[in-house]
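Asks: Protein sequences appear in the order of chains L and W.
So in the numbering used here, the last spot in the first sequence is 495, and the numbers never skip.
So in the numbering used here, the last spot in the second sequence is 190, and the numbers never skip.
The set of hints was computed from the structure by calculation and includes no laboratory data.
Certain hints may be false.
Here are the computed lysine to any residue pairs in the SDA-like style, where the Cα-Cα straight-line distance is at most 25 Å [as the list claims (entries may be wrong)]:
#1 Lys136/L / Ala402/L
#2 Lys462/L / Val180/W
#3 Lys136/L / Leu90/L
#4 Lys171/W / Ile149/W
#5 Lys142/W / Ile411/L
#6 Lys462/L / Ile4/W
#7 Lys142/W / Leu416/L
#8 Lys462/L / Asp177/W
#9 Lys136/L / Ile411/L
#10 Lys462/L / Ala112/W
#11 Lys142/W / Asp423/L
#12 Lys343/L / Lys142/W
#13 Lys462/L / Leu110/W
#14 Lys343/L / Leu315/L
Only a predicted model underlies this, so the values are computations on that prediction, with no experimental measurement involved.
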Amino acid sequence: MGVMDWLTHDAYSSHSSHFYYSYKGTHLPQSEIGNHMAVLTKDKPWRLTSPDLVEERDGLILLVWGDLPYWSVVDQEFYNLLRELDGRWLEQVLNEHPAWREQRREIEMQLAVLRKAGVFGLPEQKTPAPPLYGTKIENIALNLTRRCNLRCRFCYNLPYLTKDSSEEVSVEEVGGFLRTLKPFLAKHPTFTVLGGEPLLEAEKLLAVCEMAIRQGCTALVSTNGTQVTDDFARRAAKLGLQVQVSLDGHTAKLNDAVRGKGSFDRTVAGIRRLIEHNVYTIISQVCHRGNLPHLGAYYRFGRSLGVNEVRFIPLKCLGGATAGEFTPVPLDELLNHAFSLFKAHPEFLPLVGRDAFSILASTCRFSSRRPSCGTGLQTVLLDADGTLYPCLNTNHPAFRIANIREPGFDIKRVWLDSPVLNDLRRRTVLFHPGEHAGCPVRYWCLGGCRGENYAVTGDAGKRSPDCASLRHGIIAMFWMLAERPDLAKPAMKSC
Amino acid sequence: MQLIAHSVVPSTPVPYLYLGYLSATTTEQPFRNIGLLFSIILIAFGLLMAIGRFRQLRKVLIGLLIAACGFGALALTRTYLDNGPVRYQHPLRVTESTMHSIREAISQRLMAGGSIPGDLHELETDLASHSMNPTIDDQYLKDGWMHPIVLRRLDNPAILYELASAGPDEKFGTEDDVIVQSQTNPQAVD
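Please build the complete structure, drawing on both the sequences and the hints.
Replies: Laid out in structure tokens, this is it:
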């Protein structure tokens, strides 16, 4: 396996083939337990790497090692064992605690897990480094048009919406771009079409999606749903498109406050049309203070419509949201609300997939040193006028990479040499921890959304304005995963 | 007594140290393709020899031996050359990035009350303990052309030291040297 192959290696998939994972009971295959215990039972005292965070709840202890990164939840007795073992021999400790000696086998298995994670072992041993995510492009986003029939209050693209279609990229231009991008694409990338309202150009939309699907992409369209026709729904189903419809509430009152009067009825009609033609349909809500209490009702509404997925994401301070008309909900509050909802209503779980809760749960399940959320490394946005940006949330002139219409445009040169991309790549929590240094959850938080950081502070590399909320949310997620590991579904790529 | 839940450590080793950079660059392993080509030629030649002379046992055995050598070379190519020296296509950027990381580590050391290291290898422990990379080794202290980065103390109260790479010509004191200086010492400037 070459270096670049390693870089494109998916840590999640590699793990599944080597590791028998379970939150409860046996954590390692027998052969690995043997290996790790052979190391641990040498005639030297063991050392526990000091956790960066210790938190107690209801007799359980959360331990977080930020540098590895690694977290675990243990009971008080196991925590006592760990503390007693630090700097001592296992035999010595077991001799002092006959009750523990009786559980020796189980203790050894659990210690082997910690040894494997690198938090416990002989002093001179180096910590094994977890692998990283790949760096090929996982998601291509396309703003097909900047025209839209709605003016949603917190649209991420609100400042750039226009009525002018003269500069919009053509099907041929998008096709050419996709072909040149191929060497940099991951094995199964997603192609997300947004806008403006992409269904204002339904023919063009279907044509570019068909090209992307032929190139091996999963195609997803994000629409306001008001322009869905029977013809589009039929052809979308035939093509295998996933269609995400933005619907900001389960009632006209909630939705229309954001998306304009009369939009709820037209959107719901569009959703029904998609479902009628068996299109994979997702409804998506941006959560803010006003609609969070109705999240359960939103799921019930989605279930009654028969959609495939119900999605919610937190309001980010980007685009139209910077006007401050709607109040964001702190991440920890949003997660706690969703957790309570899913526990109380298991019937909602089949509808869960790409929502904020599931994405963070999938991230927190793993000990992976991801360099960033993917911006600058795994995502690219082609805007309607042919301009490239690192991702949807960095759709701002400060992050302009290049324009595919520029004479001599060379995607290889652009992808490898762009100062904008390289700046984003350099300023990762991994290589330049800066303000994130010492934070126990930085490898799960990844510094927050760069686009939002820029919109708020004027510097993408600055500490997230929601830093405290992110931190509390991630720690809360560790506890949730300890309680209900089944809620961590593998997150899909498109988000 | 129970370990109730924990995060999962993926078990495949990857060279994560330069990841941020390799994403922006590519690497070449020039001997790999030569090794592969050589192996395939050996295998093909050996098999053709064995198949073509199936009535002459000695030549068949020689052919199979050659093919076996080819498979051996193939295995060596995969196990050794894949992990062998890496030549960066964008060594300048790799060098700059590495130097900035080293400068950051020295700054942290100074802020913690330490002194400028006499040798960059003293930083290995610092770099490892500063959470950046626990398996850091002397490879990290090399530039993008895989030559050592040099630390020079300066007799300048404002700029305490500089990091230098000899650049592509591997000779210090030439135009292509890459130099990164310490951050300005504000006390000295005042």
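Asks: A separate judgement is required for each hint: does it hold in the structure or not?
Replies: Going down the list of hints, with the structure as the test:
no.	hint	verdict
1	Lys136/L / Ala402/L	holds (19 Å)
2	Lys462/L / Val180/W	holds (23 Å)
3	Lys136/L / Leu90/L	violated (45 Å)
4	Lys171/W / Ile149/W	holds (12 Å)
5	Lys142/W / Ile411/L	violated (30 Å)
6	Lys462/L / Ile4/W	violated (35 Å)
7	Lys142/W / Leu416/L	holds (22 Å)
8	Lys462/L / Asp177/W	violated (32 Å)
9	Lys136/L / Ile411/L	holds (14 Å)
10	Lys462/L / Ala112/W	holds (23 Å)
11	Lys142/W / Asp423/L	holds (22 Å)
12	Lys343/L / Lys142/W	violated (53 Å)
13	Lys462/L / Leu110/W	holds (23 Å)
14	Lys343/L / Leu315/L	holds (23 Å)
Hints 3, 5, 6, 8 and 12, counting from the list given before, are not met by this structure.
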